[in-house]
Structure formats: C-alpha cells, structure tokens
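Input sequences plus hints: build the corresponding full structure.
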Amino acid sequence: MIDNFIILPVLVHMFTAIIAIFFWQKVNIQRVISILGSSIGLVLSLKLFLKTQGTGILTMQAGDWQAPFGITFVSDTFSSVLVLLTGIVAISVSLFSTAAVSTNRIRYGYFAIFHFLIMGLNGAFLTGDIFNLYVWFEIVIISSFVLMTLGGRKPQMEGAIKYVAMNMLASIIFLTAIGILYGITGSLNMADLAVKVAQIENRGLVNVTGLLFFVGFGIKSAVFPLYFWLPSSYHTPPSSIAALFGGLLTKVGIYAMFRIFTLIFVPDHFMMNLFIIVAIMTLVTGALGAISKNSMRRMFSYLIVCHIGYFIAGLGLFTEIAIAGAIFYLIHDIIVKTNLFLVSGIIYKARGSTDLRRLGGFYKDYPKLSILFAIVLFSLAGIPPLSGFWPKINLFQATLTANSFILILALIFASFITLYLIAKIWLEVFWKGLPKGDIEKGDEFEDLPGEKKFVLILPVVSLAAVSIFIGFGAEYVMKISQKIAVEMIDTQPYIHAVLGDLLSK
Amino acid sequence: MNSIILKTASSYLLPLLLMFSVFILLRGHSLSGGGFVGGLVASIAFVLHAFAHGFDKARAIFRTNPGFLIPVGLFLCFIMGAVPTFFGAPFMKGLWLEKSIPGIGHIGTALFFDIGVFIVVIGVTLTILFTISESDMEQEEV
Chain A
46 MIDNFIILPV LVHMFTAIIA IFFWQKVNIQ RVISILGSSI GLVLSLKLFL
96 KTQGTGILTM QAGDWQAPFG ITFVSDTFSS VLVLLTGIVA ISVSLFSTAA
146 VSTNRIRYGY FAIFHFLIMG LNGAFLTGDI FNLYVWFEIV IISSFVLMTL
196 GGRKPQMEGA IKYVAMNMLA SIIFLTAIGI LYGITGSLNM ADLAVKVAQI
246 ENRGLVNVTG LLFFVGFGIK SAVFPLYFWL PSSYHTPPSS IAALFGGLLT
296 KVGIYAMFRI FTLIFVPDHF MMNLFIIVAI MTLVTGALGA ISKNSMRRMF
346 SYLIVCHIGY FIAGLGLFTE IAIAGAIFYL IHDIIVKTNL FLVSGIIYKA
396 RGSTDLRRLG GFYKDYPKLS ILFAIVLFSL AGIPPLSGFW PKINLFQATL
446 TANSFILILA LIFASFITLY LIAKIWLEVF WKGLPKGDIE KGDEFEDLPG
496 EKKFVLILPV VSLAAVSIFI GFGAEYVMKI SQKIAVEMID TQPYIHAVLG
546 DLLSK
Chain B
0 MNSIILKTAS SYLLPLLLMF SVFILLRGHS LSGGGFVGGL VASIAFVLHA
50 FAHGFDKARA IFRTNPGFLI PVGLFLCFIM GAVPTFFGAP FMKGLWLEKS
100 IPGIGHIGTA LFFDIGVFIV VIGVTLTILF TISESDMEQE EV
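Here the protein sequences line up with chains A and B, keeping their order. The working numbering puts the first residue of the first sequence at 46, with every later residue one more than the last. The working numbering puts the first residue of the second sequence at 0, with every later residue one more than the last.
None of these hints come from the bench; they were simulated from the model. Among these hints, one or two may not hold up.
To be verified - Across the chosen pairs, the derived CB separations fall in these ranges: (1) B:Ile100 - A:His541: 42 to 48 angstroms; (2) A:Phe114 - B:Val21: 28 to 34 angstroms; (3) B:Ile106 - A:Thr100: 34 to 40 angstroms; (4) A:Met202 - B:Ile4: 48 to 54 angstroms; (5) B:Phe19 - A:Ile245: 45 to 51 angstroms; (6) A:Lys96 - B:Ser10: 40 to 46 angstroms; (7) B:Lys56 - A:Ser337: 57 to 63 angstroms; (8) B:Lys56 - A:Asn339: 36 to 42 angstroms.
Stated by the list, open to error - In silico SDA-like links for lysine to any residue, alpha-carbon gap of 25 angstroms or less: (9) A:Lys71 - B:Lys98; (10) A:Lys199 - B:Thr130; (11) A:Lys92 - B:Arg58; (12) A:Lys71 - B:Leu128; (13) A:Lys71 - B:Val46; (14) A:Lys92 - B:Ile131; (15) A:Lys71 - B:Phe85; (16) A:Lys71 - B:Phe61; (17) A:Lys71 - B:Gly27; (18) A:Lys92 - B:Phe61; (19) A:Lys71 - B:Val82; (20) A:Lys71 - B:Thr124; (21) A:Lys71 - B:Val123; (22) A:Lys92 - B:Ala81; (23) A:Lys71 - B:Ile78; (24) A:Lys92 - B:Ala88; (25) A:Lys71 - B:Thr130; (26) A:Lys96 - B:Phe86; (27) A:Lys71 - B:Thr63; (28) A:Lys199 - B:Glu133; (29) A:Lys92 - B:Thr63; (30) B:Lys98 - A:Gly108; (31) A:Lys92 - B:Pro89; (32) A:Lys71 - B:Pro89; (33) A:Lys71 - B:Gly66; (34) B:Lys6 - B:Val46; (35) A:Lys71 - B:Phe86.
Keep in mind the model is a prediction, meaning the values are calculated, not measured. Cβ atoms here follow ideal geometry from the backbone N, Cα and C, with glycine treated the same way.
Structure (structure tokens):
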C-alpha cells in the first residue's frame, strides 16, 4: 500500500527549513515562513492522527524497497499521537520565538535549524527501521547542539559541551547495540526484528543487547544514574529553545524505549525489576535535586528528570493499565513541560532573573497572567481536574496490583515534592513582595509593543488550553492511551502491517 | 604561500580537478564515487587555488557566495525526492528515463539527487573554509 501522506509531517519541516535558508539575512521573512511552516505541519499531523485513527496502522516503503530490506515508515496510534504533540509544540515555540529570540540568533539560522530539529523528531517517531531511527536521532542531536550554542555565551558553551559529549556517547552505545542486533538477526526492520528476536534461543545475549539499548536511550532521556548532563545544560539556552528541549527532546528517548522494549525486547522478570529500580531512583533523586535548587529553570530541569521516572515505572510494570498511564502522562508532560519553560521565559523577560530569591510580586503586577501561569503550574502538580492527575491514578492502581510498595512510595514522594515545589514557586514568585534593590534591569516585558506581548502570551494560552482539554477530556485521552497500550502489548497488528504478505509465506 | 610552481600548477589543476569531480559524480551511481566525494574534490580545487593565489582570488573566481549553494542543493534534493510522488510512487523512488543518453548514461531522479548533494557539499565546505580564512585575517590585522 502506497501512502505518501505519512512522511508529509517530516517533509513540510524540511521544506520550511530550506526556504528559511534561502532568506538567510531577512529576519522578518524567516519569522513568517516559520509560523506558516509550523501551522501547515500542525494541520498535517492532525490529519495523520485522524487518518491513523480511521484506517488503522499506515505504512510506507521509502523508495519502493520492500519491507525487511528498505526503510519503512509506520504510523500507528503511538507515533501519530507523538507527531501531533510535536506539531502543537512546534507551532507554539515557533510563535514564541518570533518575539523572544533575538534578531542576531535568527541571522545565524535559528529558524532553519529549528525546523530541521522538528523534522528529525517527526522522522524518529514515524520510522519503522532501527538504523533509520539512529539517523533521525543524529539529526536531532546535531540540530539541538547548534541551537544550544547559537549566540556563544560562555555558560552556554559549558552546558553544550556536557550535552553533546553525553549524547554522542549515548549515540555510540546505541549504534553498537544496533550492530550487535544486526549481527545476531541480520535485519534492521523493527517488525522483522520483533519476529526474529523472539526466536533466538540465547536469551542472555538478547538481554545484554537490550541493556545496551536501555543505556543508550537512558542517557538520552535522562534516567538515573545517567541524567546529570541534563540539569547542567538545559538552563543555559534561551527559554524558547529550552522549552523545545524540555518538552520534546528527552521524550524521544522515552518513545524509543517504549518502542524497542515493547516490540523487540519484551522485558522478562529481570528487565522489569531493573526498570522499576531505575524508576524509583530517578523519581527520588530527581525530586531531591529539584528541592535543592533556587533558580526556576534549574528546578524545572530536575523536575524533567524526576518525571521521567513515571514513564520508566510504567514500562517496568508492563501491564496494560500501567502503560496506558505512562502514555497518558507522556501526552500531558510534553505539553506542560514546554509551557513551563515558556512561562519561565516570560517571567525572565519581566524580571530579568529566574532566581526565586530575587523574584516576587508577580501577582500584584500581572494578575491576569498569574492566573494563566497558575493553570500551567497546577496542571504539572496534578491537581484534579487538571491534566497531571488522571495518569497518576492509573500508575498507582497498576503499582498496587503489582504489590511493589517501594515504587508506590517513590511515586507518592515525587508527586508530593512536585506539589511542594509548585507551591513554593507560587509563593516566591507570585505572592511574595518584590525584594528591593535587586532589580538591575527594568521590566522589559512591560515595555514590549502590544503585538509582541500577544505572540509571547498566545502560545502559553493555547498550550494551557490543550492542558485543560487533556484534563477535562481525560476520557478521550485515556481511550487513546489504552489503545496505544493494547497495541504495545499485542504487537501482531504492527508486525502484520509492516511485513504484510511476507509473514504468510 | 608564494611559490611560482604552485601558482602555475594550480591554474592548470583547477579546471582539471573540476572535470574530475564531475566524472566522479557521474560514475557514482553504481561504482564508487557520487555527489559527496565529487563535491569534496570540487571544493579541493578551489582550496588549492586559494593556497596558491590567496583566498580573495579564489572567492573572485567563485563569483557567488558559496553559502547560497546550500539551500539550492537541498532544494534540488527535495524536489527529486518529491517527483516520484506525482507519479503515484513512494517518496524517493528512483525514476529513470527509458533511453540512455550517449556519454552520460541513464538519467533518473537519483542523478539529480546526487547533483543536489554535490552542490550542498561544495557550498558547505567552501563556506566553512572561507569563513575560517576570514576570521584568520581579522586576527592578523589586530
């Protein structure tokens, strides 16, 4: 079946990037192109999502080379949901960037690289070939490295070096694992691998290869004990870039982990225990790290790490309810984390700092904005009925069924610390009076022209609206998450959609 | 570098190397070679010229800003990937003309895709080299 539609969300961003390079020096034209490209991307990814919902798993053989040999693009529910979320985040960050990113950065190709990054993300979500997945990862890393270093301030460089060194290491481990996997099965197509790996008798070898993948993706998605690069690099770039990184980049690692460990290496007892231990440690250490920080951006970075634990826990429990919960949490987390960094960007614009001790009085100066930010903060904390609440019910339920009480303590601890931190931020930034004498810069946000304020606030409003939709439309989102969980546990439809007639032969 | 031998030789080598790069580009479909290597050889031709005559001369020969080649090449690659979709084939499928052209051989989308790569590689390499040489000179002036 030929369906070129799958690859359109990838192509539209590639095209936008190319057009943006054509207008290298023309900053305003690039802004318009970026918004246009991202909007088209959003429409296409929404269409892809609806199409996948309507007709089931879609596949496309790139270059017309048939399945186990060529590169297959697959859009099942999981992929299409993530592509849709990427589309939503892309348009929000793109809008935000038009006002927040300086003209100098845009002259150095900010928008072109931004769209290459989104292209890489969409490609990673849609590919059905494990080596191709690696290639998309590389595109994402190289683009993110450029975004991180653009501007070249000293702390930025310091963060970028840690970031790129760790991610390169992760890529090498990932590539090694692919090499071993190819050596033992002779295939790179994920559906084909699923069939072949299940037939291998030497389970020890399979587990070791699986562990290599876990280490590779673990570094990328920042799980314990491989997360230290994240908090020391994510606070350095400008907030629009940090929003993109915090919202999406670690989640690609999570996506790859869910894909690989449900489709190819179905975890056995040992792996499940390992996942649960790693999840507990990630939840606890991430939460402890977050408490110790006074800068909002650093705190959010640690919260990213902490919440990665929820996904790993879902994968470790490996029941339908747990996976559905983790997927729901993923959907909620991508939107909320992006929004958090955008919010911290606006606060930084208004106050010239993200240090809690030097902030204050925000509620007095901007009451309406504060209410908006409160929605974002409290949906992160998971106050019902906002979006963070529902997936946790699932995770708790699955954990209780599995009788793993340490995990449930860790989950509660992490949720509690998140709530505590949100309350602390609310207290320090919004309610407390502004400390005197500490503000060197005036209120840059206040002085911005009206349309710039509008483009800065609009993405936050729309992402908050998505969060509210996830909270109040929880039934629909849960239905989607359950569908994904079912597809993950019973992988036959995926394998059949990719390999088709080959299986019956 | 101020060597009469290098200067004379590089004037002859520039067209030769450029021709060689096109040769490598064209043989690349089924033999070793292709757009990437061809592009590197072509940029080496300009680099050699720059070593002998200085970067300003090399830039003058090149006429346009090499950075402009990057989007042009990318665009060509993109279009060649997209062409098969208009014929109902999957993205990136190689489409070929039925008759071959003497001296060049079969012509298909893959060839133009490779030419796109060729252009991008020249653009990127020369942009990097010219930029480095520029910042080098600025430092010398200080």
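(message) Of all the hints numbered above, which does this structure not satisfy? Sort the numbers upward.
(response) 4, 6, 8, 9, 11, 13, 14, 15, 17, 18, 19, 29, 32, 35
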